[in-house]
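Start from the sequences, fold in the hints, and give me the full structure.
Once you know that position 39 of the sequence shown is 39 in the numbering used here, the rest is easy, because the numbers rise by one and skip nothing.
Note that these hints are calculated values from the structure, not bench results.
There's no promise every hint is true.
Quick list of in silico lysine-lysine cross-link-like pairs, BS3-like style, CA-CA up to 30 angstroms [unchecked claim]:
1) Lys119 to Lys104
2) Lys119 to Lys67
3) Lys386 to Lys351
4) Lys351 to Lys577
5) Lys134 to Lys174
6) Lys134 to Lys64
7) Lys154 to Lys79
8) Lys104 to Lys534
9) Lys75 to Lys64
10) Lys64 to Lys79
11) Lys300 to Lys217
12) Lys43 to Lys75
13) Lys119 to Lys148
14) Lys384 to Lys577
15) Lys104 to Lys151
16) Lys174 to Lys188
17) Lys75 to Lys119
18) Lys347 to Lys386
19) Lys584 to Lys384
20) Lys75 to Lys38
21) Lys36 to Lys67
22) Lys36 to Lys79
23) Lys64 to Lys80
24) Lys140 to Lys522
25) Lys600 to Lys554
26) Lys217 to Lys134
27) Lys570 to Lys535
28) Lys235 to Lys224
29) Lys464 to Lys108
30) Lys347 to Lys384
31) Lys174 to Lys522
32) Lys134 to Lys119
33) Lys67 to Lys464
34) Lys217 to Lys235
35) Lys134 to Lys447
36) Lys577 to Lys347
37) Lys80 to Lys36
38) Lys43 to Lys104
39) Lys151 to Lys140
40) Lys554 to Lys599
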Amino acid sequence: MRTIFSLLIFLFPLQNIKAQKQGQERIDSLLVELSKAKEDTNKVEILRRISFAYRMINTNDGLKFGKQGIILAEKLKWKKGQAYCNNAMGFNFYVQQNSIEAIKCYNKAMDIFENINDKHGISIVTGNLGALFKSNGDLKTALEYYQKSLKLDKETGDRDGEATDLGNIGNIYKEYQSYEKALDFFSKAILIHRELGNQSEIARHLHNMGDLYDRMKNYQYAIKFYTESKNLSKKLGELSYGNYNYDVGHAYMLIQRYFQAQRYFQASINQGFEKNDSSALLDGYYGLYQLNKLLGNSKKALENFEKADTINDSLIYRYQIQHNGQLEIIYNQEKENLLMQAEQSKKDAIKNEEIQKQKLIRNFIAGAASLIILSSLLIFLLFKRKHDAEQKHRETFLSLQVSETEMKALRSQMNPHFIFNALQSIQTFLLTHKSEEANAYLLKFSKLMRLVLENSQHSEVSLKEDMQALELYMQLESIRLQHPFTYQFHIDGSVDIENDNIPPLILQPLVENAIWHGLQYKTEPGHINIYISKKDNALYTTVEDNGVGRDMSKLAAQPMLLKKESLGMKLTEERLKILNELKKVKAQFSITDLFTNDKKAAGTKVELSLPLAS
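Quick look at the structure:
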C-alpha cells in the first residue's frame, strides 16, 4: 500500500485549478480589449496586464506579451511603460524558476524607475526581488529588499504597500524562527489593514499569527487566532486559510484535550461530505489517525489511516487525469526508459562480441583449408583481427563502464537520503498547512527531477543547463537544512555557458560534498562560492564552502553517512578516469582543507579541471 506521506506531494496543483480558470477568463477579456486598442500607452498597459495574468497559466505566452509591450513602449518613448513591462516579464521568469533572467528584467525595470524618480515603481520591483531571493533561500538578501520597499512605501504614503511589506518581513522572521519579531510585524500589518478595511488580508494574518503561536507551542493562543481567522473568512464568504477544523483539532490534541480534538477532526470529515471537499475529508481522517495512534488505539488508527490513504489515492488519480500524470508518471516512464536503454546497451555489446568470436572461428577454419603458401598472410590477418577485436572489446567495455557509472551518478542524485529529506520537508509543510511553501518546494522538486532525467540521457549538456539543475538542487537543500545557506556563482568572462558543454551532473557531487560534509553541521547559515573559468580549452571549477571542515564532519556524521562517505565524489573520480581513457585528456579534481590564521577549520575547497571537447 502506498503511504500517504509519499503521495501527498502531488495534491498541491489541485488548489490552483480554480485560480487558473479565473485567470483565463481575465485574459480572454483583456485580449478582446487588445484587439480594439490603438497604438498608444493604453495598449502598452493592456499588454502588461496580459503578461502578468499569464504568469500562473502559460509563462511563455506571458513573456511574449511582455516583450510586445516593451517594443511598443520604446516606440512611444514611454519609459514608465517599459519599466512595468520588464517587471511583468521578470515575474514570468520568476515563476519559471529562471532566477538569472528574472533578475535581469527586474534590474532593467529598476534602472528606468530610478532614472524617472518613480519611487512607487522602485518599491514594487524591490518587493519582487525580495520574493525571488526568499524563494531561493537567501533570507538575508530578501529581508534587505523588503526593508527597502517598506522605507519607500512609507515615504510615498502607500499604506497598502506598507502593510504588504510588513507581512513579508514577518514571514522572513518566521523562517528565521524569530517568532516574537514575526508577531510584531504581523500585528502592525493587521492595524494598517484594519485602517484600510482589507478584511481578507486581516483574516490571512490572523491565521499566520495562529501558526506562529502553534510553533511556539502556545496552543491556547493558536486556537484563539485560528478561530478569529475562520469567523472573519466565514463572514466574508471566503474560504478560510488552511483547514480550520484540522488546525484547531491538532492544537487541542497537543494540549491533551482529546475530546475537543476528536470533535474538530470529525467536523472536518462532516465538512468534506457536506461540501464534497476531499481535502477536508483527508485532513479529518488523518487527524483521527494521529489522535488514535497517540492514545494507543491501534485498530482505529489503522482504520482512519486506510480511509485517508484511499481518499489520497482518489485525489492523485483525478489529478493525473487532469494533468496527464505529471510527476509520478513522468518519473516512472523516464526511469523505465533509462533502465531499458542501459539493458539494451549491454545486450548489444554481448551480441557484437559473440559475432566477433564467430567471425574469428570461421576465418580460422577457412584459413586452415587454404594453401600453405598463404599461411603467413593468414596468421598476420588472424593476429590483426584478434588485435582489432580486443581493441573493440576494450572500447565496448569502457563505453559500458561510462553508461553504468553515469547511471550510478543519476541514482545517487535521487538517493534515498535526498528523496526522504525532500518528502519529509513537504510533509512538514502539509502538517503545518503552509501550502504556499509546500507548493513552491514541490515546483522546485519536480523541475529538478525532470532536469536530472533529461540531462542524464545525453553524454554532454551545456554548462547553463547543468547550472540550472545545480541551482535547483542547492535551493532544495537550503530549505531542508535547519540553518539555510546561501550560494553565489562567479562566472569568468572567458566562459560561454550557452556553448561550453560538460558531462551532465559533473558539478553536483562537489556541491553535495560541501553541503553534507560541511554546511549541515554549522550552527549558523553557511555559504558556497562556485568559481568557473576557462583557459586553453579547459574548464576550471572551484567549489568553496565555509563549513565545519572534513575532520569535524566525520565526528558529527551519523554512522550511515560515514559508511556512505561521499559516494558522489567517488563516482566523479570514476567518471573522470574513464573520460581520460576515452578522450585522452587529463581531467582531475582535488580537495583542500581551509583554515583560519589560528589553525581553526574554515571549510573546504574542491578544484576540478575539465578539458572541453574541441
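Each hint, compared with the structure:
1. Lys119 to Lys104: holds (19 angstroms)
2. Lys119 to Lys67: holds (24 angstroms)
3. Lys386 to Lys351: The given pair, whose Cα atoms are some 17 angstroms apart, holds under the 30 angstroms limit.
4. Lys351 to Lys577: At roughly 26 angstroms apart (the allowed maximum being 30 angstroms), Lys577 and Lys351 satisfy the hint.
5. Lys134 to Lys174: It holds: about 12 angstroms lies between the C-alpha atoms, which stays within 30 angstroms.
6. Lys134 to Lys64: holds (26 angstroms)
7. Lys154 to Lys79: holds (24 angstroms)
8. Lys104 to Lys534: Roughly 24 angstroms separates the two Cα atoms, so the pair holds.
9. Lys75 to Lys64: OK: Lys75 and Lys64 at ~17 angstroms, within 30 angstroms.
10. Lys64 to Lys79: Given that 30 angstroms is the threshold and the Cα spacing comes to 19 angstroms, the pair holds.
11. Lys300 to Lys217: This hinted pair holds, its Cα atoms lying about 27 angstroms apart.
12. Lys43 to Lys75: holds (12 angstroms)
13. Lys119 to Lys148: holds (11 angstroms)
14. Lys384 to Lys577: holds (28 angstroms)
15. Lys104 to Lys151: holds (23 angstroms)
16. Lys174 to Lys188: Holds: Lys174 and Lys188 sit about 15 angstroms apart, inside 30 angstroms.
17. Lys75 to Lys119: holds (24 angstroms)
18. Lys347 to Lys386: holds (21 angstroms)
19. Lys584 to Lys384: holds (23 angstroms)
20. Lys75 to Lys38: Holds, at roughly 13 angstroms.
21. Lys36 to Lys67: Holds, because 19 angstroms separates the two Cα atoms, which is no more than 30 angstroms.
22. Lys36 to Lys79: holds (23 angstroms)
23. Lys64 to Lys80: The hint holds at about 19 angstroms.
24. Lys140 to Lys522: holds (17 angstroms)
25. Lys600 to Lys554: holds (16 angstroms)
26. Lys217 to Lys134: Judged against 30 angstroms, a Cα distance of about 25 angstroms means the pair holds.
27. Lys570 to Lys535: Holds - the C-alpha atoms of Lys535 and Lys570 are around 26 angstroms apart, at most 30 angstroms.
28. Lys235 to Lys224: holds (17 angstroms)
29. Lys464 to Lys108: holds (22 angstroms)
30. Lys347 to Lys384: holds (26 angstroms)
31. Lys174 to Lys522: holds (20 angstroms)
32. Lys134 to Lys119: holds (22 angstroms)
33. Lys67 to Lys464: holds (23 angstroms)
34. Lys217 to Lys235: Cα-Cα ~28 angstroms, so holds.
35. Lys134 to Lys447: Holds, because 18 angstroms separates the two Cα atoms, which is no more than 30 angstroms.
36. Lys577 to Lys347: Within the cut-off at roughly 24 angstroms; holds.
37. Lys80 to Lys36: Holds, at about 22 angstroms.
38. Lys43 to Lys104: Holds. Lys43 to Lys104 sits at ~24 angstroms (cutoff 30 angstroms).
39. Lys151 to Lys140: holds (17 angstroms)
40. Lys554 to Lys599: holds (18 angstroms)
Against the hints set out earlier in the document, no violation occurs for any number.
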